[in-house]
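Those protein sequences? They're chains U and W, same order as listed. First residue of the first sequence? That's 0 in numbering that gives the first Met the number 0, and the numbers climb one at a time after it. First residue of the second sequence? That's 0 in numbering that gives the first Met the number 0, and the numbers climb one at a time after it.
Treat the hints as calculated values from the structure; they're not laboratory data. Where hints are given, some of them may not hold.
If you anchor each label on the Cβ, the simulated ranges turn out as follows [unchecked claim]:
| hint | chain 1 | residue 1 | chain 2 | residue 2 | range |
| --- | --- | --- | --- | --- | --- |
| 1 | U | Val417 | W | Val22 | 35 to 41 Å |
| 2 | W | Ile7 | U | Ala383 | 17 to 23 Å |
| 3 | U | Asp347 | W | Val22 | 29 to 35 Å |
| 4 | W | Leu20 | U | Gly127 | 36 to 42 Å |
Covered, in the sense of this in silico footprint (three residues per stretch, anywhere, with C-beta under 8 Å from a C-beta of chain U), are these stretches of chain W [unchecked claim]:
| hint | segment |
| --- | --- |
| 5 | 1 to 7 |
| 6 | 11 to 20 |
In silico negatives: residues of chain U with every beta carbon more than 10 Å from chain W [said to hold, decoys possible]:
| hint | residue |
| --- | --- |
| 7 | Tyr71 |
| 8 | Ser208 |
| 9 | Gln278 |
| 10 | Arg356 |
| 11 | Arg386 |
| 12 | Ala429 |
| 13 | Thr434 |
| 14 | Asp496 |
| 15 | Arg504 |
| 16 | Leu718 |
Here the structure is a predicted model, which means the values were calculated and not measured. Note that the Cβ used here is the ideal one computed from N, Cα and C, for glycine as well.
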Amino acid sequence: MMRPIGRACARGLIGAGLVMLAGPIAATGAFAAAPAAAVPVLTGISAVHAPGYDQVTFDFAGRLPGRRRVTYLSDRAYPDVVGGARLLVTFARASGVSAAGATTFGPAQQAFALPGVLQVVTLADGNGEIRLAVALARRLPFRVRALSHPNRVVIDVRTPFRTVPAGVYFANSRRAFGTAATTVVTRPLPRPATPLQALRRLFAGPTESELARGLAFVSSGATGFRMDLVSGGANVYLTGGCRNGGSTVTIASEIQPTLRQFPSVGWVKIYDPAGRTQQPAGATNSIPACLAASAFVTIKSQAQGPVLLALLALVGLGLLIGAIVSAASVFAGLTRRASLITPSGYRDERIKASPVRTGQFEPDLAWPIYPLRQARADLARIEAQRRSLYGRLWHWPGKPLLWILLLPVSAAAVVCLVAAGVTTVLLIGAYALVTWTLAALALGAFAVARGLLRGIESGWHAVMKTEASCPRCYHVTPRPAYRCPGCEELHRDIRPDRLGLTARRCQCGALLPTMVIRAAWRLDARCQRCKAALRRGSGALRDVRIPVFGDTSAGKTRFIYAGLDSLIATAGRTGIRFGFADPQSQQEADAALQILRSGADTVKTSLTLPTALTCKIGRGLRATLVHLFDAAGENYRDAQPQDSLAFLAHAQSLVYVLDPFSIGSVHDRLAGPSAAADRGPAVADDPETAYAEVVSRLRDSGISARQQRLAVVVSKTDLLGRAGLEPPRESAEIADWLSRAGVHNLVLSAPREFAEVRYFCVASLAAGEQDPSRDPGAALRWLLGARGLRLPGDAAAARRPGRPAPADRTSPQNTESAGAHS
Amino acid sequence: MRIPATYIVFRCACVFLALLLLVLLGFGLSGSGPFSGVAGLEHSAHGWLLHNTGVSL
Chain U
0 MMRPIGRACA RGLIGAGLVM LAGPIAATGA FAAAPAAAVP VLTGISAVHA
50 PGYDQVTFDF AGRLPGRRRV TYLSDRAYPD VVGGARLLVT FARASGVSAA
100 GATTFGPAQQ AFALPGVLQV VTLADGNGEI RLAVALARRL PFRVRALSHP
150 NRVVIDVRTP FRTVPAGVYF ANSRRAFGTA ATTVVTRPLP RPATPLQALR
200 RLFAGPTESE LARGLAFVSS GATGFRMDLV SGGANVYLTG GCRNGGSTVT
250 IASEIQPTLR QFPSVGWVKI YDPAGRTQQP AGATNSIPAC LAASAFVTIK
300 SQAQGPVLLA LLALVGLGLL IGAIVSAASV FAGLTRRASL ITPSGYRDER
350 IKASPVRTGQ FEPDLAWPIY PLRQARADLA RIEAQRRSLY GRLWHWPGKP
400 LLWILLLPVS AAAVVCLVAA GVTTVLLIGA YALVTWTLAA LALGAFAVAR
450 GLLRGIESGW HAVMKTEASC PRCYHVTPRP AYRCPGCEEL HRDIRPDRLG
500 LTARRCQCGA LLPTMVIRAA WRLDARCQRC KAALRRGSGA LRDVRIPVFG
550 DTSAGKTRFI YAGLDSLIAT AGRTGIRFGF ADPQSQQEAD AALQILRSGA
600 DTVKTSLTLP TALTCKIGRG LRATLVHLFD AAGENYRDAQ PQDSLAFLAH
650 AQSLVYVLDP FSIGSVHDRL AGPSAAADRG PAVADDPETA YAEVVSRLRD
700 SGISARQQRL AVVVSKTDLL GRAGLEPPRE SAEIADWLSR AGVHNLVLSA
750 PREFAEVRYF CVASLAAGEQ DPSRDPGAAL RWLLGARGLR LPGDAAAARR
800 PGRPAPADRT SPQNTESAGA HS
Chain W
0 MRIPATYIVF RCACVFLALL LLVLLGFGLS GSGPFSGVAG LEHSAHGWLL
50 HNTGVSL
């Protein structure tokens with residue numbers, strides 16, 4: 000029967016005093032709910048005995064819960080809450096959890112040594128509701144009151160009976176060593192006391208003060224029980240679970256003395272949840288197999304006590320020593336006795352792992368990145384230090400016999416040192432774990448960044464067609480070597496790699512940038528093969544190599560400088576920066592241009608192998624290095640030196656200079672003393688000889704010329720004009736003119752030998768004196784255009800004879816003036 | 000011999016993280032921090048010790 004508490008209060012006002020309701024009572028809505036505010040928090044549960052009743056108090060912080068409901072549970076609900084009857088207490092809205100997530104009102108199960116109240120168990124706490132079960136000795140009348148100052152809800156449970164003390168046995172953790180494993184406490188049981196009541200008190204557990212004294216209820220996995228009293232004994236059936244946990248102290252240690260204090264119980268048989276016990280028959284005590292301790296556990300339990308405490312103390316000391324040894328090992332291994340993997344040591348390791356083959360260079364001398372190698376060395380050194388320091392702990396003074404005589408002391412020391420050893424292993428293992436994890440993460444990030452940076456650099460090389468060519472030995476590589484500014488050691492592979500991602504530290508300590516596009520401006524670039532100094536920006540800038548070949552006195556040198564003069568003039572007109580990449584090139588060009596502009600003859604080229612004349616066209620990273628090679632014509636006749644003319648093989652474009660006066664038909668037509676005086680020095684051989692020999696050498700060297708452009712330059716056209724011959728201006732017409740003049744072999748074979756061929760008739764004069772249609776710079780501009788360097792041509796040169804000037808002379812279509820397509 | 004600064008950075012980071020790991024494990028044993036799960040292990044160990052030896056630490 001449910002009655003609202005408001006009605007009960009009304010009865011109280013009439014003078015009924017304490018209203019005790021025998022039966023289920025609902026206390027819902029007894030008090031007006033407080034206005035919506037913070038949820039009340041249950042802060043404590045306590046229970047005391049007063050004459051005639053037990054009082055359970057629920058303390059709240061803030062206001063009281065709006066809904067408070069107290070009712071009896073059915074016998075089947077919550078069987079794990081052991082008691083003769085159970086009250087279900089519900090508070091809403093209320094909470095028993097703090098902001099930090101901790102319970103605010105104590106443990107979930109609290110026992111009380113009272114006549115009527117056995118324990119209070121938390122059933123649920125959440126969603127603004129707290130549900131608790133109050134286990135009672137039997138079904139008893141109660142009342143609920145809400146009190147303020149402080150705010151609390153009180154349940155008064157009547158205890159209209161007399162009590163008698165009875166013992167309940169709990170495991171005692173502080174008296175376990177060699178003495179009784181259990182300790183008896185008393186509980187006031189309703190008279191007459193029964194074994195069932197005592198067993199319920201056991202399952203209710205020790206009170207808070209008893210817990211503080213070291214008492215505990217060892218449940219051995221059981222959550223409840225059922226008991227049958229039979230003649231002379233008791234059968235206890237455990238529910239929930241059953242396990243001894245490897246201990247000699249089990250629930251049987253508590254149940255048996257608790258029940259056997261009653262004269263009517265001569266023996267106790269305990270059954271597991273499956274209904275089994277070791278000795279089901281006979282008037283003897285019996286426990287299930289799940290509670291029986293093994294022989295090992297039994298023996299072990301006999302040896303416990305002070306010995307175990309001493310062992311624990313020794314283990315604690317060992318932990319301390321282990322921590323000290325570990326810290327000392329790490330400190331020494333990383334600082335004083337660190338094992339450094341030096342650049343030379345690392346290089347030796349790499350060479351040993353992968354021997355250097357012919358054509359390869361030894362790895363560079365720089366510090367490897369830490370996670371790759373030094374991390375392993377550090378861990379190895381720390382481990383060595385740990386072993387060394389720990390090993391010293393085992394060197395005891397005196398003779399071994401002394402320590403044998405002092406066996407207890409030496410045994411204690413051994414225990415301590417073993418614990419220290421285990422501690423050092425664990426701590427150093429933790430350090431190693433952290434180091435390996437960090438190294439793995441760093442290497443993963445390194446691999447990604449390395450791939451990215453290398454991709455950027457490769458993309459730059461591919462797009463900008465960058466290379467590093469040596470002006471002396473003509474060796475061409477994707478990237479040059481760089482000389483360390485500190486120790487002058489050569490670093491041959493400056494790409495982001497195991498020696499550094501964005502920078503590497505040389506063995507001398509100097510910090511060098513990685514990536515060619517960064518190092519090109521900060522470091523001294525060197526040839527990978529001959530170690531000669533390369534031009535500034537080599538490897539990072541577009542690189543164009545143009546050899547100029549031809550017979551002796553064909554006008555190669557004059558063509559080069561006249562062409563350069565034309566390019567300088569073109570650059571000056573169009574605002575493109577033009578300069579020479581090195582002082583030597585600058586000096587040679589200045590001298591030659593001065594001769595050219597004065598109208599004098601250029602000096603005969605030396606027979607020694609040429610050094611590239613390098614000019615730089617453009618600004619910053621978009622600039623182009625143009626290398627012009629001018630070898631004496633004699634080099635193209637002799638087979639031996641020609642093998643050294645590697646610049647021919649590495650050239651993307653070639654210029655063949657042909658002296659028209661060496662053509663037989665032209666020579667015959669201009670025969671005469673005056674003509675001979677005007678034509679200057681003439682070649683002494685067939686004009687096709689040098690061409691044929693160069694092409695033959697290129698093909699014999701296995702070099703495909705199908706990727707190369709060839710500009711055939713007919714020089715000295717100014718002299719031809721003076722002699723009354725005016726060669727054509729268009730490429731096709733020039734080719735036809737040459738073919739008719741007897742150079743048909745060259746004209747026929749050149750298109751088959753090269754990717755593209757154009758013919759130019761030029762007058763190698765200074766820029767200011769040139770006929771624009773005879774501009775020697777046109778041939779160079781055409782070849783540079785093939786490598787992506789577009790230079791606007793001379794507007795005047797673009798004009799064809801008899802044609803009007805186009806409106807826009809700077810457009811790419813109109814840039815090349817002197818030639819037409821072959 | 001001048002070693003790269005990254006060596007010192009890595010070593011310090013390793014020591015710091017190892018100490019942090021140990022401290023967090025210590026907090027975890029007391030039931031707080033990211034490794035609070037180990038408190039359950041500690042509780043089990045205490046229970047095992049209590050059940051098997053009667054010792055309560």
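Original post:
Taking 10 Å as the cut and beta carbons as the points, is Tyr71/U off the interface with chain W?
Top reply: 34 Å, holds
Original post:
Does Leu718/U really sit off the interface, with its C-beta more than 10 Å from all C-beta atoms of chain W?
Top reply: 66 Å, holds
Original post:
Any Cβ of chain W at or closer than 10 Å to Arg356/U, or is the non-interface label fine?
Top reply: 29 Å, holds
Subject >> Range hint compliance [Cβ, Leu20/W to Gly127/U, 36 to 42 Å] >> reply: 39 Å, holds
**OP:** Check whether three or more residues of the segment 1 to 7 of chain W sit with their beta carbon closer than 8 Å to a beta carbon of chain U.
**Re:** holds (count 5)
Subject >> Claimed clearance of chain W by Arg386/U, with the beta carbon kept past 10 Å >> reply: Non-interface label stands for Arg386/U: nearest chain W Cβ at 19 Å, farther than 10 Å.
Original post:
For the pair Val417/U and Val22/W, does the Cβ-Cβ distance stay inside 35 to 41 Å?
Top reply: 26 Å, violated
**OP:** Please settle this one: Thr434/U was flagged as non-interface, so is its CB more than 10 Å from every CB on chain W?
**Re:** 5 Å, violated
Original post:
Could one say that the CB atoms of Ile7/W and Ala383/U fall in the range 17 to 23 Å?
Top reply: 21 Å, holds
Subject >> Interface exclusion of Arg504/U relative to chain W, criterion Cβ beyond 10 Å >> reply: The claim breaks: Arg504/U does not keep its Cβ more than 10 Å from every Cβ of chain W (closest is about 5 Å).
Original post:
Could one say that the CB atoms of Asp347/U and Val22/W fall in the range 29 to 35 Å?
Top reply: 41 Å, violated
Original post:
Is it correct that the beta-carbon of Gln278/U has no partner in chain W closer than or equal to 10 Å?
Top reply: Since the minimum Cβ distance to chain W is about 24 Å, Gln278/U lies beyond 10 Å and the statement holds.
When each numbered hint is compared with the structure, violations occur for hints 1, 3, 12, 13, 15.
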